[in-house]
Structure formats: C-alpha cells, structure tokens
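From first to last, the protein sequence lines stand for chains R and H. Residue 141 in the UniProt record's numbering sits at position 141 of the first sequence, and the numbers go up by one each step. Residue 142 in the UniProt record's numbering sits at position 142 of the second sequence, and the numbers go up by one each step.
If you're looking for bench data, these hints aren't it; they were derived computationally from the structure. Some hints could be false.
As the list claims (entries may be wrong) - Straight line, CA to CA, 16 Å or less: simulated EDC-like cross-link-like pairs of lysine to aspartate or glutamate: (1) R/K119 - H/E229; (2) R/K118 - H/D178; (3) H/K137 - R/E89; (4) H/K137 - R/D144; (5) R/K118 - R/E136; (6) R/K118 - H/E229; (7) R/K29 - R/D144; (8) H/K218 - H/E229; (9) H/K137 - R/D54; (10) H/K4 - H/E202; (11) H/K166 - H/D114; (12) H/K105 - H/E195; (13) R/K179 - R/E89; (14) H/K166 - H/E202; (15) H/K137 - H/D124; (16) H/K105 - H/E194; (17) R/K19 - R/D144; (18) H/K105 - R/E89; (19) R/K29 - R/E67; (20) H/K207 - H/D178; (21) R/K179 - R/E40; (22) R/K119 - H/E223.
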Amino acid sequence: MIQHSHLLAEHAVRSDVVKAGDYYMEVVKAGQTIRILDIEGNQAADTLFYNAIDPSERYSAVDTIREQGNVYLTAGSTLLSNEGRAMLEIVADTCGRHDTVGGACATESNTVRYALEKKCMHACRDSWLLAVAQNEHFGMTKRDITHNINFFMNVPVTAEGGLTFEDGISGAGKYVELKAQMDVIVLVSNCPQLNNPCNAYNPTPIEILVWN
Amino acid sequence: MAQKIFSDVIPGASHWSLVVPAGHSLTFIDVNGGANVSLLFYNPVNPLERYNAPDTLKCQHTFKLTTGHCLYSDMGRIFCSVVADDTGWIDTVGGLANEQKVTQKWGQRDYQKDRNQWHQNGYDSMLVEVAKYGLGKRDLAANLNLFSKVQADGQGNLSFVEHHSKAGDQITLRFEIDTLVVLSTCPHPMNSAEEYPFNSIEMSLSKSAPVLADDACKTSRPENERGFENNHRYCSHA
Numbered sequence: 001m002i003q004h005s006h007l008l009a010e011h012a013v014r015s016d017v018v019k020a021g022d023y024y025m026e027v028v029k030a031g032q033t034i035r036i037l038d039i040e041g042n043q044a045a046d047t048l049f050y051n052a053i054d055p056s057e058r059y060s061a062v063d064t065i066r067e068q069g070n071v072y073l074t075a076g077s078t079l080l081s082n083e084g085r086a087m088l089e090i091v092a093d094t095c096g097r098h099d100t101v102g103g104a105c106a107t108e109s110n111t112v113r114y115a116l117e118k119k120c121m122h123a124c125r126d127s128w129l130l131a132v133a134q135n136e137h138f139g140m141t142k143r144d145i146t147h148n149i150n151f152f153m154n155v156p157v158t159a160e161g162g163l164t165f166e167d168g169i170s171g172a173g174k175y176v177e178l179k180a181q182m183d184v185i186v187l188v189s190n191c192p193q194l195n196n197p198c199n200a201y202n203p204t205p206i207e208i209l210v211w212n
Numbered sequence: 001m002a003q004k005i006f007s008d009v010i011p012g013a014s015h016w017s018l019v020v021p022a023g024h025s026l027t028f029i030d031v032n033g034g035a036n037v038s039l040l041f042y043n044p045v046n047p048l049e050r051y052n053a054p055d056t057l058k059c060q061h062t063f064k065l066t067t068g069h070c071l072y073s074d075m076g077r078i079f080c081s082v083v084a085d086d087t088g089w090i091d092t093v094g095g096l097a098n099e100q101k102v103t104q105k106w107g108q109r110d111y112q113k114d115r116n117q118w119h120q121n122g123y124d125s126m127l128v129e130v131a132k133y134g135l136g137k138r139d140l141a142a143n144l145n146l147f148s149k150v151q152a153d154g155q156g157n158l159s160f161v162e163h164h165s166k167a168g169d170q171i172t173l174r175f176e177i178d179t180l181v182v183l184s185t186c187p188h189p190m191n192s193a194e195e196y197p198f199n200s201i202e203m204s205l206s207k208s209a210p211v212l213a214d215d216a217c218k219t220s221r222p223e224n225e226r227g228f229e230n231n232h233r234y235c236s237h238a
C-alpha cells in the first residue's frame, strides 16, 4: 500500500548516508520514526531489529508474516518479535511491498547461488558480523544474525510455491518509514551484492533519517 | 534397500533430538494424518552453523520444500536432502506457536490437571530441547514444519491447508553432513482444529544408499551441485 509521509527531512534529529557495503547500527527509541531512503533506486536494505534492552528478543519474519496473514510487508504491517510483541509499525511506504522471505547474501550462500569462485566477494552477512564485532556494548554475536527484512526487494511468491527474484519496484527517492513501539537496535546492511541483476550489478547508497 | 537401525514413536505435543551422522536417513511417518513435525538443524561441532530458511528457499527458487530439495545451513552446506515426500509440500515459513497462541486457540496448558495431555506449545518445546546443547532462544531460527502446508496467493495472502497429510504419509530426509536434529510434534500455529490436536509420528533411522553422481537431489539444480561440492570440501579432511 502506497502511503506518503508528512515528515520533513530538515526536522530529522539524525540523518546518515550509508554507502553500499557498509552497515548502520543505532538505537531508535520507542515513539521515534525511522525512514530508510533508496537514494538512487533498486537498492536492497537488509535490515534486522532487536529489543535494545534485551537483544535476544528480535524481529521474527515467520511470526510477522503468519500473524498478518501475508508474505509481503508494506504500510500497516506490524513487525513482531520472536516473543510475539510489536516492535515497529510501517507507517509510510512509497515502494509498495518489501520482502521478508529471501534473506541476506553471504559469502557462503553466494557460492551456492552463483559460483564457487564468488566466495570472497563482500556480502551482507559480513557487514552484520563486522557490526556486532565493532559494537561489543550490545553483547551480540553471530548467534544474533538471523532472518531479515529486505526493504525495496521484490521477491514474488506464487500459489504453486515458486519464489522468484524480480526487478525491483523501488526507484530513486522511494522510502519506507517505521515507527518504533519499543527501543530497538536497528542493524542494516546496505547490500553490496554485485551478483544480482535487480540492482543492475550496481549497489548504491541509502539514507537513514530519524525523527522524534 | 535401506538398512533400518531403529524406529521409534514420538507422541504429539512432544520434543526430541538426536545427532544423525552423514550417510544416514530419517523417515517420518504421519501415523493418523494431520501431524506436524517442526525441525531445526545445527552442526554438532559448531552450533553457530544452523538451518537457514531464506538461503534454502532462495537458492532453489522455491517457497515450499519437497522431494528433490536440499536443506541448507547458513554456511552454504547441505544438512540433508528430501529424498521422499508423500505430501508434496513442507512448510518453512509458518514458524512455531508460542504459549499465548496456543492458549488463545485451545486453552491454557495445565500439567497439574492434564498431565502429558497438556497444551504444550512448539516454541517452549524447542527451547527445552535446544537448551540440552547449551543453546537458547537466540539460536531458534525459522524452522521446517513437515506434513504442513502454508500457501500464498497472488497477493501474498497466506493460508494453512487443512488435512494436507494423510495417515501413512512418509517423508525421508537423507543427511549429507553430521547434523544435530531438534524436533517438536506440537501443532502447527495455523492449525484451525477445534480441539488441541495430538498427532504421533513414527520416526526411523536407516543407513542411506551412497549418493551417486546422478542423484536426483544433487542434479535437481546447479545450485545443489555446488552445495554438494561445498559439503565435499568440508568433509574431505575426514
């Protein structure tokens, strides 16, 4: 569902440009709103959310899609934790739908998906692993790297049980905006994927803005 | 002909685990129809390597799992291959029911009153089982649900297909590397039965026939050929 936001960039309390292949790991407080902006279009923002007080409570793709009865995320979707609690609500979305089934690229999965010799290409799970290693105060490790949301990705599921990676339905300037229902750690890998035709093999920066 | 090592019955609303060595197969039989077996897989040497639903689905371009599919770890290796599936659809997105969900659907669990007929939920059941290996809720990931089908329509709306599995339906998983298998027979969270369903399964462990070059799971996709090659490289020191 397309839902525009009334929030103005100049009123944001924080804004960061995250280059392709980099991570973003920050706390967003309950009541704050976070916008992920696809600056150049067809980029994938591979995102995980954790309860900032206790990161063993985290975004759960399976609980979220089952309880909302739909496999795609868009405005109106509530993101649930593994404890069944509301973590964030998508309050604006100019893209229309986002994938939460396809997961994130990894050096290892790239060997399977593309070719064995792709194993040394930088991937999302590398970015997350660096993030948890460089932010020890959160007390997180590889155990916490789990099933994510791919904002801006288009991964249609068919009634026959097929799953395909289609060209993106995002474009330059499209965004998704979420309101936090609890204090959350936002962990984004701005996807460095060089193997995927969805972004024309050209990963690009995203911007992350936060409002009170 | 597969050589059976043992078979066992796991009652409904229960949990169990075992390490299955490479070259062995587990066959699950739905005794009465309508069973659900939730499964998670870990590498017993390094439990940080675990079943990864997104990697499994996207590398095989599928939302369902059935005969010919391989179940992948997050490290690009194949824990096991689905060599037989009478049901044609194994769910890997429905997850587990938690206590709140089971209470809403079927009433509170009460061991004092109900003994082993209590309304145990899949989430707590898995937590107990993984704790035996020093693992906890941080280690629970999206699981498989054997004998259960969750479908999405063209708009992405999800539905649970009732009576998907019939009495006697079998699923065989052939293990390609040593794997810690954790399972729960608690009901699927989308099951709409009026009474809490208790469905036993029969499980048997057998020695697998050798995986040949033309094996159907290996050759079903070029991705799986590469997955088997990753296994080969991992195991070649053994």
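Do the hints match the structure? See the list:
1. R/K119 - H/E229: holds (13 Å)
2. R/K118 - H/D178: violated (26 Å)
3. H/K137 - R/E89: violated (23 Å)
4. H/K137 - R/D144: Cα-Cα ~10 Å, so holds.
5. R/K118 - R/E136: violated (30 Å)
6. R/K118 - H/E229: The given pair, whose Cα atoms are some 14 Å apart, holds under the 16 Å limit.
7. R/K29 - R/D144: Cα-Cα ~20 Å, so violated.
8. H/K218 - H/E229: holds (10 Å)
9. H/K137 - R/D54: Satisfied, since the Cα-Cα distance of roughly 12 Å is no more than 16 Å.
10. H/K4 - H/E202: holds (13 Å)
11. H/K166 - H/D114: violated (27 Å)
12. H/K105 - H/E195: holds (9 Å)
13. R/K179 - R/E89: Measuring from Cα to Cα gives roughly 5 Å; hence the hint holds.
14. H/K166 - H/E202: holds (14 Å)
15. H/K137 - H/D124: holds (9 Å)
16. H/K105 - H/E194: holds (8 Å)
17. R/K19 - R/D144: Roughly 23 Å separates the two Cα atoms, so the pair is violated.
18. H/K105 - R/E89: Status violated; Cα separation ~25 Å.
19. R/K29 - R/E67: violated (24 Å)
20. H/K207 - H/D178: holds (13 Å)
21. R/K179 - R/E40: Violated, at roughly 24 Å.
22. R/K119 - H/E223: At roughly 14 Å apart (the allowed maximum being 16 Å), H/E223 and R/K119 satisfy the hint.
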